[in-house]
Amino acid sequence: MIRLEKRPEPSKAWSAAAPVLAVVATMIAGGLLFASLGQDPFVAIRTIFWDPIFGEFAFYYRGQLLVKAGPLILIAIGLSLGFRAGIWNIGAEGQYIVGAIVGAGAGLAFFPSESFLIFPFVILCGAIGGGLWALIPAILKTRFNTNEILVSLMLVYVAEAMLASVSSGLLRNPDGQGFPGSRNFRDFPAAHNDYIIESAGIHWGVLAAFGAVILAYVLLTRHILGFQVRLTGEAPRAARFAGVNPTRLVVFCLVTSGALAGLAGMFEVTGPAGQISIDFNSGYGFTAIIVAFLGRLHPIGILLAGLLMALTYIGGEAAQATLGLPGAAIQLLQGMLLFFLLAVDVFANFRIRFGTREAA
Amino acid sequence: MTDELLSIEGLTKAYPGVVANDTVSFTIGQGEVHALLGENGAGKSTLVKMIYGLVRPDAGKMRLRGESFEPNSPNAARQSGIAMVFQHFSLFEALDVAENVALGMENPPPQRELARRIREVSETYGLPLDPARLVGDLSAGERQRVEIIRCLLQDPKLLIMDEPTSVLTPQEVDILFETLRKLSSEGTAILYISHKLEEIRTLCDAATILRLGKVVGSCNPREKSARELAEMMVGTTLHTPDRTGRTMGEVALDVIGLSVKSSNPFGTSLRNIHLEVHQGEVLGIGGVAGNGQEDLLAAISGEVTTAPDAIKLRGQPVGHLGPNDRRKIGILAAPEDRLGHAAAPDMSLTENALMTGAIRQGLSSNGFLNWPASRKFADEIIKSFDVRTPGASHAARSLSGGNLQKFVIGREILQKPDVLVVNQPTWGVDASAAAAIRQALLDLAAAGAAIIVISQDLDELMEIADKFAALNEGRLTAPRPTKGLTIDQIGMMMGGAHDMEVAHVAD
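As you go down the protein sequences, you meet chains E and B in turn.
For the record, in the first sequence the residue sitting at position 132 is 132 according to the numbering used here, with numbers rising by one throughout.
For the record, in the second sequence the residue sitting at position 87 is 87 according to the numbering used here, with numbers rising by one throughout.
Don't read these hints as lab results, they were simulated from the structure.
Honestly, I wouldn't trust all of these hints.
To be verified - In silico PhoX-like links for lysine-lysine, alpha-carbon gap of 25 Å or less:
#1 E/K6 with B/K49
#2 B/K224 with B/K196
#3 E/K12 with B/K376
#4 B/K49 with B/K157
#5 B/K261 with E/K141
#6 B/K224 with B/K214
#7 B/K214 with B/K49
#8 B/K196 with B/K49
#9 B/K376 with B/K328
Unchecked claim - Covered stretches of chain B (in silico footprint by chain E; criterion: 3 or more residues with CB under 8 Å from a CB of chain E, positions within the stretch not fixed):
#10 94-107
#11 312-324
#12 342-352
#13 361-368
No residue lacks a Cβ here, since even glycine has one placed at the ideal position from N, Cα and C.
Start from the sequences and build out the full structure, keeping to the hints where you can.
Pasting the structure below:
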């Protein structure tokens with residue numbers, strides 16, 4: 001008989017090793033999956049995990065890595081603060097969209113001005129847009145005790161409807177012959193989030209993501225506010241006893257995560273995406289939830305998890321193109337990663353015992 | 001009475017890392033009231049769980065009336081005539097008494113017949129109980145009667161009672177003891193688990209004392225003093241708290257007409273509470289659990305805020321301040337629930353030290369935390385209060401209950417409060433640690449602090465408090481000096497037998 005036995009304390013070694021083990025397990029299970037699809041598993045795994053960084057066309061993919069990882073990390077850092085405190089913002093996708101709309105709208109209002117103040121203003125508006133969108137579930141939760149998971153999730157669909165509306169209405173490119181979609185920010189340098197180092201894929205949003213990682217790290221390990229966030233997640237009554245104001249904490253966590261998601265949307269629309277369009281959003285807000293958990297809700301972990309997740313996106317696309325793997329197989333692989341992580345996680349808190357009778 | 005009912009030979013049960021019972025042997029005679037005495041963690045619960053068929057022993061034998069007895073389920077144990085009243089009741093509040101009793105029976109008779117039998121048993125054994133009342137309306141003592149009657153209907157040969165008096169007022173205890181004596185005189189043996197020594201001395205014919213899973217002695221408790229029993233239980237000499245060296249100062253904390261509506265729908269609202277504590281004074285607040293103790297602590301600690309004038313510190317209104325503002329001016333608290341309220345289970349001791357110590361110990365500046373200082377504070381608590389742990393980096397939940405309690409109380413005491421409120425400071429703590437905690441509270445009072453001790457342990461309150469008041473359904477009685485207070489008076493203050501007259505025990 002195999003039994004699980006609770007450890008007196010979570011094992012630090014297992015906690016640290018879990019993501020690595022999960023990646024290895026994903027590669028093995030993924031390899032089996034690809035083999036069953038008639039592919040050479042080693043080639044497929046190499047194509048996804050190795051070639052984008054070290055392969056022949058790595059010079060192209062490497063840049064893409066940060067472009068994709070930037071928004072994932074930025075959003076996941078915000079989400080992790082709330083998740084730590086037991087406040088579940090599932091609607092980052094909506095905050096991402098609203099941040100993009102408000103940021104882009106604020107910039108386009110000044111078209112074609114060339115003032116250097118426009119880009120900072122766009123950044124500010126992106127954060128405010130996302131923050132305000134997240135303030136809605138915050139207020140409803142603290143005032144009327146609604147469930148923030150449902151409210152924030154449903155607001156994603158409202159945001160998507162708004163996106164469809166503004167891209168064919170309010171923000172439509174007046175010179176676009178009636179096609180839906182806003183002006184392209186490449187034609188509007190004052191508000192354009194241009195690459196700083198193009199070969200590395202670094203734009204202002206990537207820098208913001210790195211900055212968020214550092215700030216979150218300092219907040220969680222060195223600041224009383226981060227301590228209160230962690231305490232609330234660990235033991236809500238103890239947090240109240242320690243003087244944490246639950247209402248303020250809910251608002252702080254939701255608005256911060258909303259603002260960071262809004263920033264990510266704003267940097268995306270003014271940079272890599274280039275314009276507001278109906279299908280501008282690409283699910284970063286949802287994928288970031290996986291990134292946050294894969295990174296153990298720890299800023300450094302999220303940085304690595306964001307890069308890994310971006311890698312599976314890029315490698316997955318490459319595998320689809322070169323090996324003809326179906327897209328669903330790649331999504332399965334990403335899902336497996338979270339699945340194996342949660343499975344391995346069990347061993348941080350439990351140990352396996354073999355045998356029928358416990359020994360002294 | 002000397003006929004052997006249950007004999008236990010060499011019972012052993014080990015859990016990972018701890019031997020709960022190590023070759024335990026003793027016998028219970030028919031009609032004997034047998035006490036099982038020991039500190040928390042001595043292995044009492046494991047032992048009775050084996051007798052009741054909830055846990056299977058690793059080794060050893062049990063014999064019931066000379067025959068081999070190996071219950072593999074509580075059902076089997078019940079069929080052999082063993083019944084048990086647990087410390088925590090398993091009753092449905094929305095059902096009436098008879099329905100609750102029926103739920104615990106294999107083949108319940110029709111309700112009318114059952115109600116008749118409940119009335120019969122309750123009259124025979126002096127346990128007043130109306131079968132038609134809803135359990136939700138009953139007091140803790142009455143709920144316990146439901147459990148006892150449920151057991152008595154099975155006509156048991158051995159009745160196991162786990163800490164039965166912890167929820168009762170002294171008058172209710174008297175009623176219970178009458179019942180138990182009557183049962184015993186009819187030949188039902190009773191295995192009585194407790195750590196309350198005076199009770200055991202008045203009630204029990206024999207006692208088996210457990211320490212760390214082993215039988216360390218057996219005696220006739222009537223021939224021993226409570227102190228001798230305690231020392232057998234603990235294994236060391238106990239020292240009596242030293243109450244000397246205190247002078248009463250001015251009024252430190254003043255509570256004037258405090259009313260708080262409970263945030264929990266099943267909680268108790270505080271109603272018009274008045275109390276004052278002087279510097280150097282210990283006020284003991286007794287009462288059966290669930291009468292507003294937690295809410296009172298929350299109102300004084302600042303977790304629940306009230307009108308400014310309802311609570312005053314040295315004459316200054318503080319009722320509107322939150323926990324941290326009150327810490328700043330010297331009001332500290334240690335709640336009852338260690339894991340999850342007084343401490344965060346999965347956080348390290350350093351982090352738990354920071355949790356309430358940040359303000360008075362200056363462990364943060366401009367919001368930035370000073371970890372080395374927090375660590376030092378945690379180490380100081382561990383050292384001063386003899387907290388057994390490999391180090392401050394270990395999680396709070398890895399500590400035993402008593403050690404964590406020492407940490408939690410020590411954390412507040414070392415911050416030199418002007419007013420300290422503690423709820424159940426020695427609950428689940430072994431006797432020597434409890435003595436240390438009580439002494440620390442007295443020393444703090446001697447240094448001029450005003451202390452409120454909320455506790456359900458009346459002996460503890462009599463030992464350390466200068467004044468005693470009782471909480472009953474959210475109301476606080478006027479405090480009276482503990483000197484010369486009789487157990488009857490205390491019982492009346494605690495609400496008597498919850499307005500139920502002592503039923504006449506039928507002859």
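Going down the list of hints, with the structure as the test:
A C-alpha spacing of about 21 Å is found between E/K6 and B/K49, which places the hinted pair at or below 25 Å, so the restraint holds. Distance hint between B/K224 and B/K196 is fulfilled; the C-alpha atoms sit about 14 Å from each other, no more than 25 Å. As the CA atoms of E/K12 and B/K376 are separated by approximately 23 Å, the hinted pair is consistent with the 25 Å bound. Restraint check for B/K49 and B/K157: the C-alpha separation of about 17 Å stays at or below 25 Å, so the hint holds.
Using a Cα cut-off of 25 Å, the hinted pair B/K261 and E/K141 holds, with the two alpha carbons roughly 22 Å apart. Proximity of B/K224 to B/K214 is assessed by CA-CA distance (about 20 Å); at most 25 Å being required, the pair is judged to hold. For the hint linking B/K214 to B/K49, the alpha-carbon distance of about 16 Å falls within 25 Å, and the restraint holds. Using a Cα cut-off of 25 Å, the hinted pair B/K196 and B/K49 holds, with the two alpha carbons roughly 20 Å apart.
Note on B/K376 and B/K328: the hinted pairing holds, with a Cα-Cα distance of about 20 Å set against a maximum of 25 Å. Under the rule that three or more residues need a Cβ within less than 8 Å of chain E, the assignment of the segment 94-107 of chain B is violated, with 0 such residues. By the rule of at least three residues with a Cβ nearer than 8 Å to a Cβ of chain E, the coverage given for the segment 312-324 of chain B holds, with 3 such residues. Counting residues of the segment 342-352 of chain B whose beta carbon lies closer than 8 Å to any beta carbon of chain E gives 7, which reaches the threshold of three, so the coverage claim holds.
Counting residues of the segment 361-368 of chain B whose beta carbon lies closer than 8 Å to any beta carbon of chain E gives 3, which meets the minimum of three for the stated coverage.
In the structure shown, a violation is registered for the earlier hint numbered 10 alone.
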